[in-house]
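Here the structure of chain A is known, so what remains is to put chain B in place on it, guided by the hints.
Top to bottom, those sequences are chains A and B.
Numbering-wise (this note's numbering), the first sequence opens with residue 1 and increments by one.
Numbering-wise (this note's numbering), the second sequence opens with residue 1001 and increments by one.
Careful, some of the hints might be misleading.
Examples of chain A residues lying across from chain B (beta carbon under 8 Å, computed) [said to hold, decoys possible]:
#, residue
1, 156
2, 163
3, 165
4, 169
5, 170
6, 175
7, 177
8, 235
In short, the hints are calculated from the structure, not lab data.
Small disclaimer: the values here were computed from a predicted structure and weren't measured.
Where a beta carbon is used, it is the ideal one built from N, C-alpha and C, also for glycine.
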Amino acid sequence: MNGSDRLWVELALISYLTGFAYSVYLLATKKFLTPGVSFWAICAGFLFTTMFLFDRGHAIGRCPITNRFEVLVFMTWSMVLIYLLIGSTYRLSLMGAFTAPVACALLFFAVALSPNESAVKRIKVNPWLEAHTSFSMVACGAFALACIAGVMFLIQERQLKTRQPSSIFYRLPPITALSVVNSRLLWLGFILFTVGLATGFLIGGHINWLQAVWSILVWCVYGGILIARVRHAMAAKWVATLSIVAFSLLLSTFWGIRFISERPSL
Amino acid sequence: MQILCFGISHQTANVEVRERFAVPDSALADSLTRLSQVPSVLESVLLSTCNRTEFYIVTHDSQLAIEPLFHSFYGPVEASAFQHLFRLQAVSSIRHLFRVASGLESMVFGETEIFGQVKRAYEAAARLGTTGRILNRLFQKAFHVGKHIRSATAITRGSVSVGSVAVDLARQIFGELKAHKIMILGAGETSERTAWSFQSQGARQLFVSNRSFERATELAEAIGGRAIRFDHWEDEFRDLDILVSSTAAPHAIVTRAKLEPVLRMRRDRPLFIIDLAIPRDVDPAVHQMDGVYVYDLDSLQAIAARTLEARKEEAEACDHMIEKHVQDFEAWLDRIAERAITSAAIECPRT
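The shape of chain A in the complex, shown without the other chains:
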């Protein structure tokens, strides 16, 4: 990673931390003003990660998802991109307060755990491999945001059930809106993940069966949640819970996945 790369990621990390800290400050002081500072801090963080991906992509001549560091930055970028699209559509401004810490955590892991990973330059680029990894990463971003919507849903649900709504209860979006957003993000993630999975089988060459089986397992879990949702066989509370569990599963096995950098040269 060169100095300029590190700078973009560090600036993004500072931006997300600022957005998160400001949201916490607003909630702690009960000054429920429009969280404009948080929103713009998240926008700045998004811009910095975009700059990193652009620079890195330009340097290596391909989509920058060649090592853990890049994957974490790309996943953060995808998640924030979907937040910026979905969040404004559903006016879920406070979702930023929940998205920013996740973005901080992902970038922190990127910087702290993969400090010296350098970009892998490939001479020949396989478009199926590019499509596979890009779609899969953006799907992870959608699943991450579905998980965040699920957490927000469960906070609201708990406050309603205990009949002791706190001040945050009135600042979070309505529980039905969170349920709708959660479902739509699951659908979006599932569609992208399906495309990513399908293109993975078109890459050719050696197939990492461990990775393939794991990916199909994740696909089945999300598919199962959505089937239950469509058939109304599962209450919104359980869909929210499972979207958190499924994303935790995705993250916990994340380190076990062999990235494309480790694949044999194509």
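Quick look at chain B alone, frame taken from chain A:
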């Protein structure tokens, strides 16, 4: 020159006394004109609401007797009524107005309606020309203080009545209420108030069912809803989003066994039940069902009480802020007093 504030409020008098001294809107202009004709009164504003009748005046006479003024205003006033009067002078009157405009002196702590009432009282006086430099500045400052207190503290946050707490909860479940189906079951006083709260917050699909169909029709017409015969209310359950129940039934009319088949058909849409009846209309076990939220009178009142408590916790911060504004206004008063003395001193040798 002295700012003087006197009158009665809910803190000093009961409703019978307050009624006696209230000045209706129709008599406000006449009252202000008469007040301005009192020789020592230089400026005046009269604030009269259901909870207070207060006179704000600027006078040369700091010992101005209120009793004769009241006799001339209200006719013969029995001596016992004067024990309910309060009188504040100088800095205390400034502080009082700032507190009133901020809702800190209101019966419902932090309510915002008083701000508009103070504004209307000032505008009426300004139109009639009974205000001058000092009261103009004082009231403008009071509006600034009121806005500052509201935006910088949590004194207006949350709802403090059963009806508005129910509406707030409904909005946190469903968002906009316009497209949601609400049934008022039992047309008693509490459910009627709650129905009006929903109606005023944009609910448009209101249904009323009552043992007396005439009463249901009457309430439905008043709130722009539709009356349903009591025998048929359960038929509507499947499509309901919110049920406000307040019947005189001696036992629970909404039970888990009754709801389970209905919920299956509702396809995991949440159901919000507001049980205002005593004894309760809804079996408490219903609240344990997925997607069903039952709030009875106690739980709604507890939320309202907590909100009020939270508002009162802000009182110290409000007092601190108000004190700063009072000092600013005092400093301004001192400056104009000094200027007046200097002008008089310059004028003196010439004359």
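Verification of the supplied hints:
At about 7 Å, the closest approach between the beta carbon of residue 156 of chain A and any beta carbon in chain B falls short of 8 Å, and the interface hint on this residue holds. For residue 163 of chain A, the interface hint holds, the least distance from its beta-carbon to any beta-carbon of chain B being 4 Å, beneath 8 Å. With a cut of 8 Å, the hint placing residue 165 of chain A at the interface with chain B holds, because the nearest CB-to-CB distance is about 7 Å. For residue 169 of chain A, the suggested interface contact is upheld, since its CB lies about 6 Å from the closest CB of chain B, less than 8 Å.
Contact between residue 170 of chain A and chain B, as hinted, is supported at the beta carbon level, the nearest pair being about 7 Å apart and thus within 8 Å. Given hint, residue 175 of chain A at the interface with chain B, holds; its Cβ is 5 Å from that chain's nearest Cβ, closer than 8 Å. With a least beta-carbon distance of about 6 Å to chain B, the hint placing residue 177 of chain A at the interface is held under the 8 Å criterion. Hint on residue 235 of chain A holds. Least Cβ distance to chain B is approximately 4 Å, under the 8 Å limit.
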